[in-house]
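In case you want the letters, here they are:
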Amino acid sequence: MAIHTLAVLVENSPGVLARVASLFSRRGYNIDSLAVGPTENPKVSRMTIVLNLEGHALDQVSAQLFKLVNVIGISEMKDSDSLKREILLVKVANTASTKELVKKHNAVIADESTTTLSIEAVGQSTAIESLLTDLKPHGIRELVQSGLVALERGDKTLADRTLSTMGTANESDPNSSTADYQN
Amino acid sequence: MSKINGAQSLVNALEAAGVEVMFGIPGGAILPAYDPIFDSKIRHILVRHEQGAGHAATGYAQATGRVGVCIATSGPGATNLVTPLADAQMDSVPIVAITGQVPSAAIGTDAFQEADIRGVTMPVTKHNYLITDPKDIPRAIAEAFHIASTGRPGAVLVDIAKDALQKETTFDYPHTVSLAGYNPVMEPKSEAVRDAAALIAQSKKPVLYVGGGVIKAEAAAELMQLAQVTGAPVVTTLMARGAFPDSHQQHLGMPGMHGTVAAVTALQKADLLITLGARFDDRVTGKLSTFAPNAKIIHADIDPAEIGKNRHADVALIGDLKNTLRVLVPATKVALAKSAPDLTPWLNEVYGWRKKFPLGYDKPADGSVSPQYVIERIGKISGPDTIFAAGVGQHQMWASQFIGYEKPRTWLNSGGLGTMGYAVPAAMGAKVGAPDATVWAIDGDGCFQMTNQELVTCALNNIPIKVAVINNESLGMVRQWQTLFYNQRYSNTDLHSKRIPDFKLLAEAMGCVGLRCESPADVDKTIEDAMAINDRPVVVDFNVHRDAMVWPMVAAGTSNDDITVARSMAPVWDSQEL
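Protein sequence lines correspond, in order, to chains A and B. With my numbering, the residue at position 80 of the first sequence is 1199, and numbering never jumps. With my numbering, the residue at position 375 of the second sequence is 673, and numbering never jumps.
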């Protein structure tokens, strides 16, 4: 398995999500999750794309993505130097043992009825998975998960690198398996 | 600023973009635009099918290097442009398509003649637009021309809602375009140029693998310099025919599925491929894992996504090819001055292959006309200033093999998408762009029946192209595969087109001169007769032998090492070559 997380800054324009989705579909790249939302700049949206790249090079995916006119910048979000979070909302039976699990996993009871609990959890993928594994024997009535979102640690920002400099693929980071693609 | 409507703004923008001609058909949603088009200095050529408009724009662009423009209405008008858009995009041809869209309030309601053409064309264009506000029209047109013509050229579609064409607006054309997400890299990195020159200076068996990018970048003169500096043999892909003179001593011809033995084998045996604006297409590489197994790769391309897409590049030169060659040539000179391997053994070997395995064909035993002979004679009689546009199939391969190309932009064809029916409308567009040139469409009888309606357009608009229909009364390339791979079971490839239609009468019905040639003795005379007609389009029905096949051949999915020069016949190598 070759899972990679890409942060992609795109122009906030109609059809941009369709273009990205169309590209991934056409070239046979598998998306594990995709989250898209506004940024600090109203003209720019940010996508976080988790890819399962069996048989495709990350560089090639980034290069193809960067060819889209609406794509402004791309950077790989590595586990070692970025924060990654997912949101889980899950509905289970309202029992003492499920309430105990909420406490154990530092989750939140977002809604409670006489028979069910709606649990909210925010965390890394492993923490979310662990909570779900524990809840499973108690019966999961329904669940919904967001795509993963990621932000670099420290004072670096993708927006600064991408929007302030006009240039090309930045290969200055020797640890990056994909170059940063920036305009 | 004075108020005009969106349609006038569109026409003003097209004029500001430098458009001199466009090919199109009006209809409901685009109708507002056709009113100011009536008064515009832009020549509008009324085609008979939107596909013809699209390929004409492509032919115009390929012949001139300028952006080709086509225009159509919403729904079916727009969807008829999908094939030429995909075709132009695959072959990196700069075209802009303008389409009308249903009024913005009706978008999404499945209105009459509504098609989501922006959605439909997303995967087959470089970029596209849907405009619903008239104030966005000039910017969209300026951006469309900028995107189509810069970087790796391609197809751009601008879809404009009818109400945006009708509403009042002001015209303000942006003469510079700045796009946050679009800044093509023009100059290669200097370290990469040095690395490339160093590889060239180490290579004992180099080949210049030349693709269509050299023509797009207008870099034929710079390519010639690199060829002279390195002394390396040159192969030109189907899209690059004409980028390097066929008559040049270092030229081995076309590589690939129907390439020359020398070109295919030189790539296979090379220790270095100097790849210039080519993309390691499957028709060139054959089975990719066995392609050029001993070669290091220098890959020069303006599109970073081509680097490493099919074949790993040891050195990537990302940038405009003309700029790249301008720095690579002197860098190579410097590197070769320090150490220049002796290429003589390699050149003796490859030129030996060229001598031993020249392109050729058999004369049919029954005395009928051989298609290769017809095409070869048209090339000879018409000469190197002629522009040739081919359809897709056997005649296309023969036209690539048996016509000598000496100059860029004299060979137009649908290489990537392989669009049958390309030739007639593309020749029309080329003739409009280069009215003083002789333009021959080399077409097959199958292809010709897909788009010949544009001969009406040619006849009515004084566009005197010449069409050679290489009539083997079948879908010849498909038939060839049926011969070779399907036990001669000719399922649905017999077109009966020596009987129906009568191409001579059909040509005359469309206002052209119709000629027919049925005997080898008449070939030259018929071509000369066609050459003498310059006031009307002329169509020659060349009745040719139907069993002629395209050789050499590397069967699809097999290794280039398994090239055959005739059916089941591998080249007979001298023992030391094996």
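Each hint should be verified, as a subset may be incorrect.
Some but not every residue of chain A turned toward chain B, in silico, with C-beta under 8 Å [to be verified]:
id, residue
1, A1137
2, D1178
3, Q1179
4, Q1183
Hint data in this document are derived by calculation from the structure and do not stem from the laboratory. It should be emphasised that the depicted structure is a prediction, and the values quoted were computed from it without experimental measurement. Think of the CB as a built atom: it goes at the ideal place given N, C-alpha and C, for glycine as much as any other residue.
Should the hint that Q1183/A touches chain B count as held when the rule is a Cβ pair under 8 Å?
holds, 5 Å
Restraint satisfaction for A1137/A [CB to CB of chain B, less than 8 Å]
holds, 6 Å
Under 8 Å is the threshold here; is the Cβ of D1178/A close enough to any Cβ of chain B for the hint to stand?
The hint holds - D1178/A has a Cβ within 8 Å of chain B, the shortest such distance being about 6 Å.
Closer than 8 Å between Cβ atoms is the bar; does Q1179/A clear it against chain B? Give me holds or violated.
holds, 6 Å
Violated hints: none; the structure is consistent with every hint.
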